[in-house]
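K.L.:
Each chain, letter by letter, is given below.
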Amino acid sequence: MQSSEVISVNIWQIIISILNLLILFLILKKFLYKPVEAMLQKRQSLIDKDLESAKEANAEAQSKKKIYEDKLSAADSEAEDILNEARRRAERKSDKIVASAKERADDIVSQAKSDAELEKKRAQSEIKHEITEVSTLLSEKILEREINKEDHRKLIDSFIENLGDDYDGNE
Amino acid sequence: MNDKRYSARFRAVDALLIVLMILPILFGIALYILFTPESQGIEIAGARIYFTIPMPLQPLPITESQVNSWIVIVSVFFLCLYLTHGLSATHPTKRQHLVEWGIEQTQHLVSDNMGEFFKDFAPFVASIMMLSALSSLLTLVGLYPPTSDLNVVGGWALLVFVLITYYKFKCGPIHYLRSYTEPVAFLTPLNVISEFATPVSMAFRHYGNILSGSVISVLVAAALQGLSAMIFGRLPGFLGQFPFLQIGIPAVLSVYFDIFSGLLQAFIFAMLTMLYVASGFPEEDYREKLKRKAAAKAGTQSV
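Line by line, the protein sequences give chains B and D.
Count the first sequence with this note's numbering and you get residues 1 to 171, in order.
Count the second sequence with this note's numbering and you get residues 1 to 303, in order.
Only chain B is shown next, with the shape it has when bound in the complex (with noise of 0.2 Å):
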């Protein structure tokens, strides 16, 4: 079997190495980088996705959080409110009720007093009575005649006059 020259040109072999060459660069671009770029791509997509996805969950995470942060500090200022208001409410009617007691309790002594006031009128009155039954009695026993009745009364009543009064200074 003959070999050729250790140098020799040929076109037609220069042509086919150009030829294997193109040949060779087109399988690698169509069933190596191709694919492999396709493939580079999706992932990328997909990360882009997953990012996109994460930054959404994220804001909406952090508006949830701030609804929630809201209503948190709603309701404590509302309880706050309603502690207050329950404060208040009760404050108000321990003094209704310490009022009223009050009142009751002047009512009471007021009428215990105008109680007192008016036994002691009717005492007075009975015992006025009484000294005038005696003193008439006295008087008629002293005089054993029938005084007139009209000065009588006049004379007693003076002297019942005088007689409360000393009574009363003397009080």
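Since the hints were made in silico from the structure, they are not lab data.
Hints may contain errors.
No more than 25 Å apart at the CA atoms, straight line, and that leaves these computed lysine to aspartate or glutamate pairs for DMTMM-like [to be verified]:
no., chain 1, residue 1, chain 2, residue 2
1, B, K141, B, D151
2, B, K34, D, D120
3, B, K29, D, E100
4, D, K170, D, E288
Fit chain D to the supplied structure of chain B, relying on the hints for placement.
P.N.:
Only chain D this time, still in chain B's reference frame:
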């Protein structure tokens, strides 16, 4: 993991692709064994011719360089299918990490050396690297490396030259011709010479390195055979015939000439391709031209 990638079917396809990847190389080895006559001593020759096709201008001999190039191409084709088999955006396998790393590396290399304008050159540069490196590495399985054939490497260099010229022409023929008179007019002959020296130097550099590696390997092996015959020739019987010095020493040379030199030349060829194409392209002027064109278009549209 859900993954149909662990199904029996998937594994079967994987295995089939690996077999198809290795098969061309085995085919090449078989062809080599069948058609190579027993060597007689030192032999430095070009590629063996399997058959010759009559063509106009010059007959086309189908030699080992062509067949071995096709072997590399078919193997790389199935390698690509194997590597991209079962790509997943979410669950990458080790294989996929490797592919992604490789592709990113070539893309970075291209955009670092050529700029963003040429970033679609990555598959081309990768194909130059792969074809060159794998062709040179065929010597590891005992096959003839197509890169030590001047026609093969010359073809690549010519293609690169066409690319260089194409990108130089981007700003029009006048701009292209004027680029030869820079920096001063009387350097024009030198510029023309250096322009045409580019593909020649690229082709000869690559071809010469690989061929010289083979030549030196053959020479050293022959020399070691002679040396061991001289030293151990007095030993009786079989021991006297056995070339002891050929054990180990050629392997060290092979590491350098076959692996290191092959990969290095592939890298150099790809680097030079990138640098020549990118440096020949007048990017600034081209951008300006595009801008002027866009402005003119806008002008005619508004009128």
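K.L.:
Against this structure, judge whether each hint is valid.
P.N.:
Comparing the hints with the structure gives:
no.: 1; hint: B:K141 x B:D151; in the structure: holds (16 Å)
no.: 2; hint: B:K34 x D:D120; in the structure: holds (11 Å)
no.: 3; hint: B:K29 x D:E100; in the structure: holds (14 Å)
no.: 4; hint: D:K170 x D:E288; in the structure: holds (12 Å)
Hint compliance for this structure: every hint is met.
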